[in-house]
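In order, the protein sequences belong to chains G and R. Numbered by the working numbering, the letters in the first sequence go through residues 58 to 448 in order. Numbered by the working numbering, the letters in the second sequence go through residues 58 to 448 in order.
Since the hints were made in silico from the structure, they are not lab data. Among these hints, one or two may not hold up.
If several chains are the same, the list does not tell them apart, and a pair holds so long as it fits within one copy or across any two.
Said to hold, decoys possible - Derived pair list, reagent style SDA-like, types lysine to any residue, alpha-carbon separation capped at 20 Å:
(1) Lys256 x Glu391
(2) Lys217 x Asp147
(3) Lys348 x Glu437
(4) Lys217 x Arg108
(5) Lys337 x His307
(6) Lys284 x Val446
(7) Lys60 x Phe85
(8) Lys148 x His220
(9) Lys369 x Phe182
(10) Lys376 x Arg164
(11) Lys376 x Ser79
(12) Lys111 x Arg146
(13) Lys348 x Glu432
(14) Lys337 x Ser80
(15) Lys169 x Gly409
(16) Lys257 x Asn132
(17) Lys253 x Gly92
(18) Lys168 x Trp209
(19) Lys217 x Glu420
(20) Lys318 x Arg258
(21) Lys134 x Pro188
(22) Lys217 x Lys284
(23) Lys320 x Pro188
(24) Lys257 x Leu267
(25) Lys284 x Glu420
These figures come from a predicted structure and were not determined experimentally.
2 protein chains.
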Amino acid sequence: MIKLELDRKKRLIMVKEPSDVSSLQNGFYGQMKKGIIYLSPEEALYVMDIRNGKCYDDAGNPFTFNDIASLFLKNKKLLARCLTYKDWRDKGLVLRYISEAEGGYGRTVLKKYTSAPFRLDAFGFEGLFFPNDLITMVDDQTVGKELYERYWIGQFGTYKASHRGTVAKYDIYETIFLLKSGNLMLKGCNLATVEKVAKKRIKFFEDIYLVYEDWRSRGYVIKTGFKFGTHFRIYFPGASPVRSEDEWMHSKHVIHVFPRKHKQLISEWARAIRVAHSVKKTFILAIPGKKKEIKLSKTRSRLDFLLYHRKKGGIETPKDGSPKYLMYSLTEDEYIGGEELYEALAECKQFGLEMVVAISDRESSVTYYIIKELELPGSEYEYYEIEWVQP
Amino acid sequence: MIKLELDRKKRLIMVKEPSDVSSLQNGFYGQMKKGIIYLSPEEALYVMDIRNGKCYDDAGNPFTFNDIASLFLKNKKLLARCLTYKDWRDKGLVLRYISEAEGGYGRTVLKKYTSAPFRLDAFGFEGLFFPNDLITMVDDQTVGKELYERYWIGQFGTYKASHRGTVAKYDIYETIFLLKSGNLMLKGCNLATVEKVAKKRIKFFEDIYLVYEDWRSRGYVIKTGFKFGTHFRIYFPGASPVRSEDEWMHSKHVIHVFPRKHKQLISEWARAIRVAHSVKKTFILAIPGKKKEIKLSKTRSRLDFLLYHRKKGGIETPKDGSPKYLMYSLTEDEYIGGEELYEALAECKQFGLEMVVAISDRESSVTYYIIKELELPGSEYEYYEIEWVQP
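Go ahead and model the full structure; you've got the sequences and the hints to work with.
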């Protein structure tokens, strides 16, 4: 048993018994001041739940788990934090307060993607835009075939059988791209009309288009990610659809766009990552919009915990190692906003640590995703690889 | 070459050459009247694209694919229909106009699920509800353990390690269910407050809860489907969490709720089915709300095509077989509404055919889902199994 003492007025939870103090200190719990350990709500509740902690006030009245929890009921994300704290601890790993983060850890790896110049030949051709379907059809076979074979823009003929059929189809992103830089002209319709229709139909269309254009302009082939549950899939510069079906090129990366103004249920956000994982694709998260400086505040961080991980032959601790990640604690039924996530990621970057998103589902099972920044040379936007991990 | 003749005024496309007529007739294209075949826009565009059809008006002026398409530009879902029509044809299969559907085909199979009486013992216990996290914690170990072990309600202790820890956690659906029928009392909070918080946080919460309650009340264990990208996963009546981790029970069915008033991008709708498919679960679609009678209209069906499929040694045709499915044609960037889908499914049921949802993605690759009704005895709602197929 570990004895916890509650100061109700100050809402402080302390441990004073020397043997308990040293046991908690060895486990890297709490903050030590003059021989007394002060526990955060997450730590106190963990000790009560798992380490047989018993809590009393100074008059000796016992307090249950919920008695203590109810004192902190208004804390934002209290249970999200408790459950993810518990899960990390249950793995035998150590985690600490975010306020202890010092910065300059240099434990991030910036993956650099390639980039190639891209320029379309001036074609000058006509198409028919179908506003109900957001598709453009081009029946000029020469142009349709060349755009497909040389640039992999559009779908000439039949999917995976371009020799079958004579018409080329362009999706809404390709249509706008070709209107802007491919000399496409539409029957009875122009760029402004198409953009208007697209924006009306698809939420955050502009953001999604910016990402399309960003990768296209750097030489990537960027096509629908429908089969993989994402906005796009990409092929590295130089990819071509012209080959036999046996040697069909497989995309290895998918891109999903998370606009800054979008707020999404965590369960929906995670679903897209799950599909990509199940088909063994690298999931790239795009947060379009200009980069901005984020102010760090030690007392009001957007993040939840400073995570120590494993090292050869043991675990990292505050005593003999440095933290590896910053944890962003969430529950399945919460919302996450693009802006919020962007700011939290920018904060991680300044600390020199990667972000671990920890999501506790409705059964308190925790799923972890590591988010690593990637660099697309020349791009103004932020991109991240997200990987599902079991820490 | 097949020669098509266009009557611009009436927007009719005809084939008159006897050899072309008999070729199209053998392929089950168009409607024959007095030796002339009349083609629908989808058929005409298919013949032009794939079967080397050339179109002229009565003055002998040639018309390209887009010239013809532009005559029907205002048709709803024209390209969705064209692309799914084409894909079915490209598989060597036959499809016809929905207006030819006669009904009474009796080609549906109603899968009957089991159902068991369910009654909770009267417990009477107290919990603490966390509005920010939508979770209730109960620190009464006896009740928490019993509810978990006997009914698999809540999570006692740790996920997949219930002996670890002393607190039970209830998600928002379990919380409301226990408030309504398990004598749960909450500290400083009641059913009305919890429902208000849940509705404010989660869109269509009431619909999702109705589905939870429906399956729970029929003896099913119903837990979060977070890991499978859906609202819920279920276990059949009699399932228990009490076993060693090696023999952990695996759920084989997931449930996703599609409220009637919800309108969703097809790509998002399909994403949930994909995750379930990738983890080899049966995907159950729930459309809560009372059943209603749907009026059939031959001229304005909600569906798109009457599908003939394969049979032993060949294919079904209007000549020597009956249709197997009704096709609902969509594109990736369209929206689908719960009500719309419900009505289309009810229509299929009246025809005695199952629905095939055909989704053309932005590259004109078509994905097919078969939707089959299932019966949950005693339930007032409609449930369907959705299966990804390659016809």
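Okay, the hints, checked on the actual structure:
| no. | hint | result |
| --- | --- | --- |
| 1 | Lys256 x Glu391 | between (27 Å within a copy, 13 Å between copies) |
| 2 | Lys217 x Asp147 | between (49 Å within a copy, 12 Å between copies) |
| 3 | Lys348 x Glu437 | within (7 Å within a copy, 52 Å between copies) |
| 4 | Lys217 x Arg108 | between (59 Å within a copy, 18 Å between copies) |
| 5 | Lys337 x His307 | within (11 Å within a copy, 23 Å between copies) |
| 6 | Lys284 x Val446 | between (23 Å within a copy, 13 Å between copies) |
| 7 | Lys60 x Phe85 | within (17 Å within a copy, 83 Å between copies) |
| 8 | Lys148 x His220 | between (55 Å within a copy, 16 Å between copies) |
| 9 | Lys369 x Phe182 | neither (62 Å within a copy, 47 Å between copies) |
| 10 | Lys376 x Arg164 | within (17 Å within a copy, 70 Å between copies) |
| 11 | Lys376 x Ser79 | within (14 Å within a copy, 86 Å between copies) |
| 12 | Lys111 x Arg146 | within (19 Å within a copy, 72 Å between copies) |
| 13 | Lys348 x Glu432 | within (13 Å within a copy, 53 Å between copies) |
| 14 | Lys337 x Ser80 | neither (43 Å within a copy, 46 Å between copies) |
| 15 | Lys169 x Gly409 | within (17 Å within a copy, 56 Å between copies) |
| 16 | Lys257 x Asn132 | between (39 Å within a copy, 19 Å between copies) |
| 17 | Lys253 x Gly92 | neither (67 Å within a copy, 46 Å between copies) |
| 18 | Lys168 x Trp209 | neither (26 Å within a copy, 45 Å between copies) |
| 19 | Lys217 x Glu420 | between (43 Å within a copy, 10 Å between copies) |
| 20 | Lys318 x Arg258 | both (17 Å within a copy, 18 Å between copies) |
| 21 | Lys134 x Pro188 | between (44 Å within a copy, 10 Å between copies) |
| 22 | Lys217 x Lys284 | within (14 Å within a copy, 33 Å between copies) |
| 23 | Lys320 x Pro188 | between (27 Å within a copy, 19 Å between copies) |
| 24 | Lys257 x Leu267 | within (16 Å within a copy, 33 Å between copies) |
| 25 | Lys284 x Glu420 | between (29 Å within a copy, 11 Å between copies) |
In summary, the structure is inconsistent with hints 9, 14, 17 and 18 from the numbered list given earlier, while agreeing with the others.
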